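J.: Please construct the entire structure, taking both the sequences and the accompanying hints into account.
Listed below are the residues making up each chain.
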Amino acid sequence: GAVVSQHPSRVICKSGTSVKIECRSLDFQATTMFWYRQFPKQSLMLMATSNEGSKATYEQGVEKDKFLINHASLTLSTLTVTSAHPEDSSFYICSAITGLNTEAFFGQGTRLTVV
Amino acid sequence: EDQVTQSPEALRLQEGESSSLNCSYTVSGLRGLFWYRQDPGKGPEFLFTLYSAGEEKEKERLKATLTKKESFLHITAPKPEDSATYLCAVQALGNQGGKLIFGQGTELSVKP
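Here the protein sequences come in this chain order: B and Y. Residue 68 in the working numbering is what sits at position 68 of the first sequence, and the numbering runs on without skipping anything. Residue 56 in the working numbering is what sits at position 56 of the second sequence, and the numbering runs on without skipping anything.
Don't read these hints as lab results, they were simulated from the structure. Among the clues, some could well be false.
In silico EDC-like pairs for lysine to aspartate or glutamate, Cα to Cα no more than 16 Å straight-line [claimed, not checked]: (1) B:K66 / B:E52; (2) Y:K59 / Y:E45; (3) Y:K42 / Y:E81; (4) B:K41 / Y:E81; (5) B:K55 / Y:E58; (6) Y:K99 / B:D88; (7) B:K20 / B:D65; (8) B:K41 / Y:D39; (9) B:K64 / B:D27; (10) Y:K42 / Y:D82; (11) Y:K63 / Y:D82; (12) B:K14 / B:E59.
A quick note: this is a predicted structure, and the numbers were derived from the prediction, not measured.
T.: Pasting the structure below:
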């Protein structure tokens with residue numbers, strides 16, 4: 001299957017700082033990338049959908065000014081958590097697809113801890 | 001509203017004890033149903049895509065089937081390394097951009 005690389009895998013930051021998470025499709029061009037958040041023992045919650053060169057589409061209840069998404073190329077999307085607070089601590093996962101009728105491939109996830 | 005429900009929430013099996021996981025879905029129109037495996041602290045790993053009722057797919061000890069209302073993931077003679085959370089997701093015809101709607105997952109534990 002296709003490979004999606006997410007970096008970093010773990011990050012600890014102080015309250016009030018910003019953290020950037022990268023998601024790269026290594027061996028294919030991703031028309032669309034998705035960002036999810038996952039709480040312990042719960043399923044994936046979609047935060048936003050991003051297409052290369054256009055603004056991300058955020059799900060209801062997700063603050064676009066807090067979770068900045070940039071999709072600068074067909075192989076890279078970034079999620080920046082701005083002015084992080086402890087309640088932003090979570091597991092963040094990205095996925096990528098090559099077209100509407102194809103399966104999504106996921107990155108390995110990023111464990112964010114805000115102290 | 002499009003919805004996916006998985007059962008059971010948790011399943012404990014002995015090694016070699018076959019069983020099935022259920023994924024019930026309600027969507028306006030199904031584009032595809034996906035099964036993923038997720039290990040603790042990792043991202044989901046793709047297993048299968050099913051597109052139409054009656055379709056079946058197999059991979060090693062796993063077999064996925066699809067009807068108009070649900071999908072089953074059959075595990076034959078499981079091994080401890082099959083322990084993981086299995087996630088089911090659907091993609092609706094009406095949605096834009098390929099969004100997936102996930103169920104809450106089934107946590108499978110296989111004891112030796």
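J.: It remains to establish, for every hint, whether it holds in the given structure.
T.: Hint-by-hint comparison with the structure:
1. B:K66 / B:E52: violated, 20 Å
2. Y:K59 / Y:E45: Since the Cα atoms of K59 of chain Y and E45 of chain Y sit roughly 13 Å apart, the hinted pair holds (cutoff 16 Å).
3. Y:K42 / Y:E81: Holds - the C-alpha atoms of E81 of chain Y and K42 of chain Y are around 15 Å apart, at most 16 Å.
4. B:K41 / Y:E81: violated, 19 Å
5. B:K55 / Y:E58: Cα-Cα ~39 Å, so violated.
6. Y:K99 / B:D88: Violated - the C-alpha atoms of D88 of chain B and K99 of chain Y are around 23 Å apart, more than 16 Å.
7. B:K20 / B:D65: holds, 14 Å
8. B:K41 / Y:D39: holds, 12 Å
9. B:K64 / B:D27: violated, 29 Å
10. Y:K42 / Y:D82: At roughly 15 Å apart (the allowed maximum being 16 Å), D82 of chain Y and K42 of chain Y satisfy the hint.
11. Y:K63 / Y:D82: Measuring from Cα to Cα gives roughly 13 Å; hence the hint holds.
12. B:K14 / B:E59: violated, 26 Å
When held up to the earlier numbered hints, the structure conflicts with 1, 4, 5, 6, 9 and 12 and fits the remainder.
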